[in-house]
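Produce the entire structure from the sequences given, and follow the hints as far as they go.
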Amino acid sequence: MSDWNRNGETQAPRVITGHVIAQTEQTRPYEEHVPNPYAEHVPRPNEVRPGGGHTRSTRAPWVRPSRRRRIARLLALLFCALLLAGGGTYGWADFELDRAVDLGTVGERPPQGKGTTYLVVGSDSRDGLSDQARKDLHAGGGGGSRTDSMMLLHTGAHGTTLVSLPRDSWVTLPSYLDPDTGKRHRPAKNKLNAAYSLGGARLLVRTIELNTGIRVDHYAEIGFGGFVGVVNAVGGVDMCVDRNIKDKKSGLDLTKGCHTLDGAQALAFVRQRHQEARGDLGRSRNQQKFLAALAHKAATPGTALNPFRAYPLLGSALDTLVVDKDMQLRTLVSLFQAMRSVSSGDGRQLNVPVAGRGIGTSKGSALKWDAAKAQQLFTELRNDRPVSIGEKG
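Position one of the sequence shown corresponds to residue 0 (numbering that gives the first Met the number 0), numbered consecutively onward.
Treat the hints loosely; a few may be bogus.
Claimed, not checked - Mimicking EDC-like on lysine to aspartate or glutamate, the simulated pairs with C-alpha atoms at most 20 Å apart in a straight line are:
#1 Lys188 / Glu107
#2 Lys113 / Glu379
#3 Lys248 / Asp261
#4 Lys288 / Asp246
Hints were generated in silico from the structure; no laboratory data involved.
As structure tokens, then:
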């Protein structure tokens, strides 16, 4: 098409040369400064648009976590589960703990010593045992309660010392009030085992404190049923004997060599004394060896980390365990750890030094302590000094 100039003359057609630029939203100059009301809106994956249809998904593809990350997550979950289970177990055990012994009511006590001293007692309590169980365990009748083992466990700056106090020890019983008759008894000589049968744990503590000069900080007692249950819960305890032992009264029947003792066999082992050349001293030695081995077995990962053993173990122990009113679970754990240290060779196992065995008394055959050596031993324990004397168990 031709263009006309002002004079009415025609001109040659003009050719426009250059590049053709496609206009887009980004190249339109008149839209550069126009605000976009949807500028800050980012469509979500699969979002329905106002006009219909869906936006295209922008979600990144799922990538399987690395093996290290999966293990870390699993450990975190297990840790949380253990915390919850541990808290529940702690509360249950603390509630079940029988704090029946009030040491605060024990009068005429020696002054507080250094370190910590526990009185560990094994009683012949038949609580929880059926008639058939008593027969199987050779536990006899249920007339009264006595102590089959008594040990002082001292922990302090110089390690752990476990001292057995033989039940036939000839000692002085302090004055006491008979709870059945209301009669006041004056101090008198008797076997150490009589203290518990006459006045329970309270009189036993008073008697031991009177004859040793050591203040008992904590008390722990376990009966027949609890002892058997604990041994069975850990899967038995390995014990070696240097000869054949057959004892009708306790029911123990072992051949020379090493055995894994179940609950009933273990109870017979720690009770029998008639086949021991040293009588009650031999029994005390066996009790020390066995309790140390039991503590070691209970602390092994196969027991402590196995809920099918750990929970029955704890349940059996709590069934007949009696402690003092100030005993906390952490204190009980400290006692257990001290027993374990003895079994690992970090502590000493002793019997009270004895001057005579089988001495005749008004109460039958008894053991007489070596007064000078025993006093030295107790003084060292009371003052938390290294033990320099004592008869090995």
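* **Hints violated by the structure (numbers, ascending)** => none
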